[in-house]
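Chemist: Each chain, written out:
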Amino acid sequence: MFQLQLEEVNKLFTITSAEFKFEEINNEPQVSSSEKNFPWEEMTGKQKKATKISLEAMRDYFNWDYLKEKMPFRNSGLNKLVDKHDFQLLPLETYLWNTANSNISLRKIAQEKQVPLEKIQQTALSMIFAGLLEEVSIINMPMKTTKYSIASSSKSNFADINNTNISNNQPKISNSLLSNLIAFLRKHF
Amino acid sequence: MEILKIAVTGNVGAGKTTFIRTISEIEVVDTERRITDEKIASWKENTTVALDFGRLTLNSEQIVHMYGTPGQARFDFMWDIILNKVHAYILLVAVHRPQDFRGARRILTYINQRVQIPMIIGLTHTDCEGAWQKDDVILALGLTNQNIDLPVVDVNAENPNSVAQCLLTLLEQWQPKPTT
Amino acid sequence: MVQASMLNEIIQKFVTSISGIEGAALVTPDGLSLVSVLPSSMDEERTAAMSAAILSLGERIGQELVRGLVARIVVEGEKGYSVMVSCGRDAVLLVLASKETKQGLLFLEIKRLVRELMPLLG
Ligand SMILES: Nc1nc2c(ncn2[C@@H]2O[C@H](COP(=O)(O)OP(=O)(O)O)[C@@H](O)[C@H]2O)c(=O)[nH]1
Ligand SMILES: [Mg+2]
Numbered sequence: 013m014f015q016l017q018l019e020e021v022n023k024l025f026t027i028t029s030a031e032f033k034f035e036e037i038n039n040e041p042q043v044s045s046s047e048k049n050f051p052w053e054e055m056t057g058k059q060k061k062a063t064k065i066s067l068e069a070m071r072d073y074f075n076w077d078y079l080k081e082k083m084p085f086r087n088s089g090l091n092k093l094v095d096k097h098d099f100q101l102l103p104l105e106t107y108l109w110n111t112a113n114s115n116i117s118l119r120k121i122a123q124e125k126q127v128p129l130e131k132i133q134q135t136a137l138s139m140i141f142a143g144l145l146e147e148v149s150i151i152n153m154p155m156k157t158t159k160y161s162i163a164s165s166s167k168s169n170f171a172d173i174n175n176t177n178i179s180n181n182q183p184k185i186s187n188s189l190l191s192n193l194i195a196f197l198r199k200h201f
Numbered sequence: 376m377e378i379l380k381i382a383v384t385g386n387v388g389a390g391k392t393t394f395i396r397t398i399s400e401i402e403v404v405d406t407e408r409r410i411t412d413e414k415i416a417s418w419k420e421n422t423t424v425a426l427d428f429g430r431l432t433l434n435s436e437q438i439v440h441m442y443g444t445p446g447q448a449r450f451d452f453m454w455d456i457i458l459n460k461v462h463a464y465i466l467l468v469a470v471h472r473p474q475d476f477r478g479a480r481r482i483l484t485y486i487n488q489r490v491q492i493p494m495i496i497g498l499t500h501t502d503c504e505g506a507w508q509k510d511d512v513i514l515a516l517g518l519t520n521q522n523i524d525l526p527v528v529d530v531n532a533e534n535p536n537s538v539a540q541c542l543l544t545l546l547e548q549w550q551p552k553p554t555t
Numbered sequence: 002m003v004q005a006s007m008l009n010e011i012i013q014k015f016v017t018s019i020s021g022i023e024g025a026a027l028v029t030p031d032g033l034s035l036v037s038v039l040p041s042s043m044d045e046e047r048t049a050a051m052s053a054a055i056l057s058l059g060e061r062i063g064q065e066l067v068r069g070l071v072a073r074i075v076v077e078g079e080k081g082y083s084v085m086v087s088c089g090r091d092a093v094l095l096v097l098a099s100k101e102t103k104q105g106l107l108f109l110e111i112k113r114l115v116r117e118l119m120p121l122l123g
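Chains as they are written, first to last, in the working numbering: chain A, 13 to 201; chain B, 376 to 555; chain C, 2 to 123.
Accuracy of the hints is not assured; some may be wrong.
To be verified - Which chain B residues face chain C? A few, computed with CB under 7 Å, are given here:
1) I401
2) V403
3) T406
4) T411
5) T422
6) A506
It should be emphasised that the hints constitute simulated quantities derived from the structure, not laboratory data.
Where is the CB? At the ideal position from N, CA and C, for every residue including glycine.
Here chain A stands alone, though its shape is the one from the complex (with noise of 0.2 Å):
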């Protein structure tokens, strides 16, 4: 029964422009006025989170055309998002987990497992709206050296944004210079 209303949740996913609305059932006692209308009759308690459901279904999904704006882009790399998962991978997704976080182009991956760039950008995209990988660029500047790994980053990535301590190789600017540009701006504008 619950199969068969995933695969009806599934053909939404070749709908080519619509707008899906969620709703969180909440645990308390009294029953919200939206949660009124919900087909509780229909419901069979079972339950599956919808990341799964968007990874599955996009690995049937056909019409990539309308995606072609999301897909993330050749000389990309992945990075993951999440430390690890309970995803059953197929074995290109597999893949593609296996390598994030170390600076491969999405052209590089699809040189070496020859496998079509496309293909390589399909599944990276599912796996992107599945919120295990996130699209970086990669390109030759050397990566600052951080403390922690990408995959645990989320809260300490822009920590340290107030700190004067530059990381590239500029030399710091004096307080004259910035006391001196406020009251310029200030002046003129």
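Based on the hints, put chains B and C with the ligands in the right spot on chain A.
Modeler: Just chains B and C with the ligands, lined up with the frame of chain A:
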């Protein structure tokens, strides 16, 4: 001679060239070329292919340089060149073009992986039809789930006061706060 | 482009028939690839953007420093040359040549190629 270098980045049409042109004391050295990409050409005529350059002279010893980067991803090697040479970054996001938010997010991740320098997000085209609300843009850029405390301000790139205000907010990013 | 296959043929022939030429590409002034015959290690998308960027900077320098119209930009590396020339209003030509190539000869061949390509670019 002390030079403060600020980069202005963002997607095509975000307002980078306009921003620099509005505040620069010299005629902006631009490298604009006619757009041939049909999809973009339908709404924009020119695009920056190398960089825009503007300047503000404070006194004989102190000046400000501003560099605008090209918007399209194929020019990301220019971000690299510029990123390594600037003290601060302004990311402009046109809020009436939600299809570009992903690109903006990508630039943000890119910068953040490489340098930790003062940065600000300027929301442009807030006066245009289809403009998203600030909170929604912040959400779309993934700023909330990363717990990022990055100033996000509205800016009209065509208005000198607004551009100056944006720069002032950026300057507040330096610590300790410069005396005012 | 209207004559894509013909452009492709001409560039292909140029690369294979002249010794020392290792690749060539035709790109739009805003950095999109039109035709490219490049070593497989190079990314056509990024190469196109780079060619457009450096040509525009070179032209800006020519203008700013009153050097007049820019004939070509040459990047001479340890392993060879990259030459960028404007090919009318609608295209930029990039040619890669080995270190052994004679410069004068190379420029001459490029000039000839541009003359052949121009009418097709309209
Ligand atoms: N309405 C409105 N137009 C803007 C604003 N900022 C820039 N523009 C316009 O948007 C267009 C694209 O700006 P441009 O500076 O070329 O964008 P770039 O591609 O980022 O360099 C120009 O016509 C500007 O005048 C804004 O805040 N509001
Ligand atoms: Mg521009």
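Chemist: If a hint holds in the structure, say so; if it does not, say that too.
Modeler: Each hint, compared with the structure:
1. I401: Result: violated, 11 Å to nearest chain C Cβ.
2. V403: Cβ of V403(B) sits 11 Å from chain C, so the hint is violated.
3. T406: Result: holds, 4 Å to nearest chain C Cβ.
4. T411: holds, 4 Å
5. T422: holds, 5 Å
6. A506: violated, 27 Å
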